[in-house]
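> Chain by chain, the residues run as shown.
Protein chains: 2
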Amino acid sequence: MEITLIGSGNVATHMAAAFKNAGHKIAQVYSPNYQNAALLAYHVGATAIDNLNDIDPQTAVFVISVKDDAIAEVAKTLSVYQKLILHTSGATALLPGANTGVLYPLQTFSKTKEVDFSQVPLCIEGSDEQITDLIEQLARTISKNVYRVDSAQRKILHLAAVFACNFPNALYAIAQGLLAEHQLDFNLLRPLIMETAQKAQESFPADVQTGPAIRRDEKTMNNHLQLLNNQPELQQVYQLLSQRIIKMDDAIKADK
Amino acid sequence: MEITLIGSGNVATHMAAAFKNAGHKIAQVYSPNYQNAALLAYHVGATAIDNLNDIDPQTAVFVISVKDDAIAEVAKTLSVYQKLILHTSGATALLPGANTGVLYPLQTFSKTKEVDFSQVPLCIEGSDEQITDLIEQLARTISKNVYRVDSAQRKILHLAAVFACNFPNALYAIAQGLLAEHQLDFNLLRPLIMETAQKAQESFPADVQTGPAIRRDEKTMNNHLQLLNNQPELQQVYQLLSQRIIKMDDAIKADK
Chain A
216 MEITLIGSGN VATHMAAAFK NAGHKIAQVY SPNYQNAALL AYHVGATAID NLNDIDPQTA
276 VFVISVKDDA IAEVAKTLSV YQKLILHTSG ATALLPGANT GVLYPLQTFS KTKEVDFSQV
336 PLCIEGSDEQ ITDLIEQLAR TISKNVYRVD SAQRKILHLA AVFACNFPNA LYAIAQGLLA
396 EHQLDFNLLR PLIMETAQKA QESFPADVQT GPAIRRDEKT MNNHLQLLNN QPELQQVYQL
456 LSQRIIKMDD AIKADK
Chain Z
216 MEITLIGSGN VATHMAAAFK NAGHKIAQVY SPNYQNAALL AYHVGATAID NLNDIDPQTA
276 VFVISVKDDA IAEVAKTLSV YQKLILHTSG ATALLPGANT GVLYPLQTFS KTKEVDFSQV
336 PLCIEGSDEQ ITDLIEQLAR TISKNVYRVD SAQRKILHLA AVFACNFPNA LYAIAQGLLA
396 EHQLDFNLLR PLIMETAQKA QESFPADVQT GPAIRRDEKT MNNHLQLLNN QPELQQVYQL
456 LSQRIIKMDD AIKADK
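Chain order of the listed sequences is A and Z.
Count the first sequence with my numbering and you get residues 216 to 471, in order.
Count the second sequence with my numbering and you get residues 216 to 471, in order.
In short, the hints are calculated from the structure, not lab data.
Ideal Cβ placement from N, Cα and C applies to all residues, glycine included.
Do not rely on the hints blindly, as some may be mistaken.
[What the hints assert, rightly or not] Reference excerpt, derived from the structure (chain Z facing chain A, CB under 7 Å, subset only): (1) A376; (2) V377; (3) F378; (4) A385; (5) A390; (6) L393; (7) L403; (8) M409; (9) G426; (10) L442; (11) V452; (12) R459; (13) M463.
[What the hints assert, rightly or not] FRET-style restraints, in silico, Cβ to Cβ: (14) A:K328 - Z:K434: 26 to 32 Å; (15) A:G224 - Z:Q458: 22 to 28 Å; (16) A:I467 - Z:N444: 22 to 28 Å; (17) Z:K282 - A:L254: 53 to 59 Å; (18) Z:T356 - A:Y249: 57 to 63 Å; (19) Z:P247 - A:A237: 56 to 62 Å; (20) A:L309 - Z:K326: 43 to 49 Å; (21) A:Y249 - Z:Q458: 33 to 39 Å; (22) A:P311 - Z:A469: 39 to 45 Å; (23) Z:E344 - A:K468: 45 to 51 Å; (24) A:E329 - Z:Q458: 29 to 35 Å; (25) Z:P247 - A:G224: 55 to 61 Å; (26) A:Q451 - Z:T327: 33 to 39 Å.
[Stated by the list, open to error] 27 Å max Cα-Cα, derived DSSO-like pairs, lysine-lysine: (27) Z:K462 - Z:K434; (28) Z:K462 - A:K326; (29) A:K471 - Z:K328; (30) A:K328 - Z:K471; (31) A:K326 - Z:K471; (32) Z:K462 - A:K282; (33) A:K370 - Z:K462; (34) Z:K370 - Z:K462; (35) Z:K235 - Z:K326; (36) A:K359 - A:K298; (37) A:K370 - Z:K434; (38) Z:K468 - A:K328; (39) Z:K282 - A:K468; (40) Z:K370 - A:K434.
Work out the full structure, taking the sequences as your base and the hints as a guide.
Structure follows, in structure tokens:
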């Protein structure tokens, strides 16, 4: 397929590479910043443009991967060409119109870190059954994990991803801070972080919870809270998440 | 070395296997529950006992891996033999006495899941320099990652491990719950969880934070809070961690 990419951020970069590796032709890469467009375009053998008026309408599909707030306007501009228009946003509903769809990769991307795109879950949605089938075909050329997900479900996924990715990372950063304050090497915690994520690959997290809260080990929890005496916000995080663990455990036990 | 293990839980089980693989002899395994002692003893070619009076005093070192509350009493009972007595607890100070030490593995263990023990950070402490050297030698036979950590630092590590392991898992469980409520497959999130932990192996988490909070994307945060309208506790977690991310980012920027 001939694909035009609107955007040159992390998602656009990784998706462009995946499309190219799968044998698709990237016709153009658009970014309002020409240098950004040119860098990505160079990597995938496309033409860089920084003005939507320079769009080549001969493309089969436009993939919009820009900030959520900018999607609607870009889509409106492109709609005159009557081609398939996809966006890649988890937080944005299906675009209005007859030939629209979503290709939401549920992964965190950094520009500098390689990702095996074939393993990235791709959540797809289309404006009708035929469009959805077409998007599914396209999605399957770059990932083994394609899921049909409607806009309401996608919103939940986007929220859940904050709990599964952004917030755990914030907790890692808290741990990093505690270690740094006490001249301890962050490498001490890295295997633990990895193993915890690894466990979630094979189990359901609710079934493998460990730590003082699930043991109702009040003594250890009080000791921990005391160690955080000069950081009331961390005490709050500690208490709230410990309470959550206990409630979750109570609910599981009540279910059995 | 000839080692006697007091305890048959997850830590004792994994450590016993590591000792055995490193060529040490496990003399006895003690558990108040004979079946538990026997199961572990069988795996490592040791004798099982369920009464501390049956201890063979000819061992070189006792490794106590029991619940924190029970460590002191067991150690007192064993102290009559005047051998090296180690415990494996992150939350417990060095035992009193002349031949005591700590061998704290900073990892989460499940009985059913293999762990490459050579990668497990082992935090060691001894009652004097000579004992510490001896413990370090022993520790290096089973792990490549041995760190000298005093009791005050170990407490911090234990606390930090809650933030790096137990709390992220609780957040994974929240995400799991959100998906289940909306008939979504938890497999959708597993690659994201893995990649987030993977990033922390190569970067410092505070440097690679992503998500709506660090972008100050109020619109998305408000949408997320609205989706959690019927779960005020999750709203609280969401708000507290989002505020934390913003504060952390402000602090980093102020530092630059």
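> Check each numbered hint against the structure and report the violated ones by number, ascending.
none
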